[in-house]
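Enquirer: Chains as they are written, first to last, in UniProt numbering: chain A, 1 to 219; chain B, 1 to 220.
Hints in this document: simulated from the structure, not taken from any laboratory. Note that CB positions come from ideal geometry on N, CA and C, so glycine has one too. One or more of the hints may lead you astray.
Unchecked claim - For lysine-lysine, the following BS3-like pairs were computed, each having C-alpha atoms within a straight-line distance of at most 27 Å:
| # | chain 1 | residue 1 | chain 2 | residue 2 |
| --- | --- | --- | --- | --- |
| 1 | B | 136 | B | 66 |
| 2 | B | 216 | A | 218 |
| 3 | A | 218 | B | 66 |
| 4 | B | 216 | B | 136 |
| 5 | B | 7 | B | 216 |
| 6 | A | 69 | B | 136 |
| 7 | B | 136 | B | 71 |
| 8 | B | 136 | A | 218 |
| 9 | B | 71 | A | 218 |
| 10 | A | 12 | A | 22 |
| 11 | B | 216 | B | 66 |
| 12 | B | 216 | B | 71 |
Stated by the list, open to error - Just a sample of chain A residues kept apart from chain B, beta carbon distances all over 10 Å, derived:
| # | residue |
| --- | --- |
| 13 | 2 |
| 14 | 6 |
| 15 | 19 |
| 16 | 27 |
| 17 | 76 |
| 18 | 80 |
| 19 | 90 |
| 20 | 119 |
| 21 | 195 |
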Amino acid sequence: MPVIHQTLTLVKKDLVLELRQKYAFYGILLYIISTVFVINMMMGQPEEKVWNALFWVVQLFVSVNAIAKSFIQESRGRLLYFYSLVHPRCFIAAKLLYNILLMGLMSVIALVSCIIFLGNPIINIGYFTGVVMLGGLSLSLLFTMLAAIAAQANQNAALMAIMGFPIMMPLLMLLANIARSAFVPVLQPGLPNMFLLLAGMDVLIIGLAMILFPFLWKD
Amino acid sequence: MAKHWWKALAVLLLLYTIIAGFLVKIPVIENNEQSTRNLFFHVPMWISMYTLFTISVVNSILYLGKYDLRKDILASCAANVGVLFGVMGFVTGSVWATYTWGGTLTSDPKQISTAVALLIYLAYLVLRMSVTDIDKRARVSAIYNIFAFALLIPLTYIIPRMVDSLHPGSATSPGFRGKDTSGTLMMVFYPAFTGWTLLGVWIYTLRVRYKRLELKNIFK
Chain A
1 MPVIHQTLTL VKKDLVLELR QKYAFYGILL YIISTVFVIN MMMGQPEEKV
51 WNALFWVVQL FVSVNAIAKS FIQESRGRLL YFYSLVHPRC FIAAKLLYNI
101 LLMGLMSVIA LVSCIIFLGN PIINIGYFTG VVMLGGLSLS LLFTMLAAIA
151 AQANQNAALM AIMGFPIMMP LLMLLANIAR SAFVPVLQPG LPNMFLLLAG
201 MDVLIIGLAM ILFPFLWKD
Chain B
1 MAKHWWKALA VLLLLYTIIA GFLVKIPVIE NNEQSTRNLF FHVPMWISMY
51 TLFTISVVNS ILYLGKYDLR KDILASCAAN VGVLFGVMGF VTGSVWATYT
101 WGGTLTSDPK QISTAVALLI YLAYLVLRMS VTDIDKRARV SAIYNIFAFA
151 LLIPLTYIIP RMVDSLHPGS ATSPGFRGKD TSGTLMMVFY PAFTGWTLLG
201 VWIYTLRVRY KRLELKNIFK
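Bound-form chain B, shown alone (with noise of 0.2 Å):
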């Protein structure tokens, strides 16, 4: 039981996300109105991807030093939960988008460059399928993993920071900083991206367990 705590702790900071994200009484800016409420379901959604992406590509890396198969399971399952939580965080993004900006798929750099970051780990998912012999596709899929892992860092921090976007946070709307957001909001961010990344890592591990009992006459 001690070791099960997180995942207790993940339904109840979830339940709480949930509950208190949509009741708590919220700052309304402008045409914003209450879409606000977004930021406890879109900005958790890529602060899970981020964390299932980078075990992913450190498991990669740890294949690539000792060959071991297991690392690339762990890898591959980090990489398939991870592009699941970008695709929620693109489409509530998308949402969101459709009414604040006016459209659902917008030529807004931010919007364009995480898809062309997911495009590239589905491309991941096209190249493991792709080979059958299993160790040359853990050993291609780790180098592109960490080639995928290094464009995604340019594309959804750096570029995004040096163009003008509509995105909350970018130049001159308000975003994410102390003094352009509410207490009330942080109060339930907080616990949000906690609980998201949580259960996150929890899907991880379950797949991670349904991959070794799929592939059990490998490990022994």
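Chain A with its partners taken away, still in its complex shape (with noise of 0.2 Å):
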């Protein structure tokens, strides 16, 4: 298949070109660690709520500062080439895996560093664990969209916060709502329904992008 191809291409590009860098990489970890740092020094030891709303807060800031550079960093004429070479579905999907795949890995770093430096309140880890990567993957597919709605704005990162903040609001108190059942013994009522209604925003949020990008790169 020529469109898978292409699109384990791009993606293959990308990381290449992360791997050269390391910069978007290491900045985020900078990024993520200072910020729990200083977490740490303003309340020492969270309870188990905090800890839980403070966690998803750090997420969603790593992941507007991993996903906003997606974008930004390819340059006018490189675009204008990829878009002569490749359609612009292949281009988006291989976007949004590459962010999945960066996003994976920044929740587990967010995820570590948060319990060296917050403590540990988490009762289901690997409950905790999963939630997280979920989380990362929604954020990480809602913010690809928005970057790319950003890129053509004048690659204005101010505007991704103001679109996205609104957006992922129901999304990370969702989120947040599940992760909850990792830190209380007893069984949450409405739990599937929760996860249904996640998996339902990723699949809208695949559809949209998938449909809508194509329009969004003609210029």
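Can you join these two chains into the complex? Each is in its own frame, and there are hints to help.
Expert: See below:
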């Protein structure tokens, strides 16, 4: 399949670029650690509810910063070059995949540094890790699409925050609520429904990105 | 004149809504007392908002089909007026909540999710301001508009129905079904929502005409 092959090549290109520069990776690593360290200095080891809230806020800012780069680093000429080579759908699929990988890695780092600096109130660590990966996936999907829109609007990073924060609010609330189960030994009511809703949102975002991105690219 | 009958209808219906809405005898349900009359003002705002946002998203999709800038003007005007009605719906609801729920801004899921939906649409308006190139603005905002509408439906229709809310009509609270609602309420409610929706569309057409004049160099 040429489409899948093209997509994978684009992902590989992004990965190779990243491995060569290591700029995004170390930049965000520093970002995560300093944020978590500041929280630690301000409030020590917070209780579980605060821990959960802070963790998701950290995740939010990490994803904004990690993903905003994915389109900004592409110069105009290079975008035009890709446009002449591949279908826009391959391009956005590659970006989505790459950002999922990046965000997965970042989520693990954020989780580990939160546990190191802020203590570990999590009872069910396997479940929480799963939710974190799921959260990283959802956030990266959403912000990739928004970064694509922001890239069209003069590469404006502030714009991404303006557009993104209202949109990610329901997503983040959903994630924080799902994650609550990892801190309490009792079963939460309505948990399957929330998972279903999250999956539905992910499918919606992927679908919209696939349908709308070709229009966005016609320049 | 034949074209304008619906504007006269809107005025008549709204006059009827305001007069009858405050005078009609309503059933008093516990601590709701007379605040039930908010039904004639609060709910129609949302129906009007949905109508306008639907007009907006349809025009955005049409824009992406043909790249006709006129459709973009229609979409942006509808979203603008829709946000106005959304804010009015939110305010009427919050005022009502102050006297029945005991707090203007509560953590009720319906209130939160509508606030988020309105924020998403406000972001749409900000996005429009931030891009100066008219074609690019039209394209980017049309895409964001479709995105926003796709989130509006789960936010205001699906999520609030899945969780418990104090809002009338959800879970155990009396609300909107035939057996809960007295006939006199319905006699005012249906004209009310027709009237408010017509008013919304009227404001929208005025705004479109104003924008057309403003941009008449582009449209000739």
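Enquirer: Would you mind confirming whether the straight-line C-alpha gap from residue 136/B to residue 218/A stays at or under 27 Å?
Expert: Holds - the C-alpha atoms of residue 218/A and residue 136/B are around 10 Å apart, at most 27 Å.
Enquirer: Would you mind confirming whether the straight-line C-alpha gap from residue 69/A to residue 136/B stays at or under 27 Å?
Expert: 21 Å, holds
Enquirer: Between residue 7/B and residue 216/B, does the CA-CA distance stay at or below 27 Å?
Expert: Within the cut-off at roughly 25 Å; holds.
Enquirer: Examine each Cβ of chain B, and state whether all of them lie more than 10 Å from the Cβ of residue 76/A.
Expert: Per Cβ check, residue 76/A is outside 10 Å of chain B; nearest 13 Å; holds.
Enquirer: Once the closest CB in chain B is found, is it more than 10 Å from residue 195/A?
Expert: Answer for residue 195/A: holds, closest chain B Cβ roughly 12 Å.
Enquirer: Residue 90/A: least C-beta distance to chain B exceeds 10 Å?
Expert: Correct as stated: the minimum Cβ-Cβ distance to chain B is 19 Å, above 10 Å.
Enquirer: Is the Cα-Cα distance between residue 12/A and residue 22/A 27 Å or less?
Expert: 15 Å, holds
Enquirer: Does residue 19/A sit more than 10 Å from chain B, CB to CB?
Expert: 32 Å, holds
Enquirer: Within 27 Å, alpha carbon to alpha carbon, are residue 218/A and residue 66/B?
Expert: Given that 27 Å is the threshold and the Cα spacing comes to 13 Å, the pair holds.
Enquirer: Taking the shortest Cβ-to-Cβ distance between residue 119/A and chain B, state whether it exceeds 10 Å.
Expert: 27 Å, holds
Enquirer: Over 10 Å from every CB of chain B: does residue 6/A meet that, or does the non-interface label fail?
Expert: 23 Å, holds
Enquirer: Is residue 136/B close enough to residue 71/B, meaning Cα to Cα at most 27 Å?
Expert: 14 Å, holds
Checked against the numbered hints above, the structure breaks none of them.
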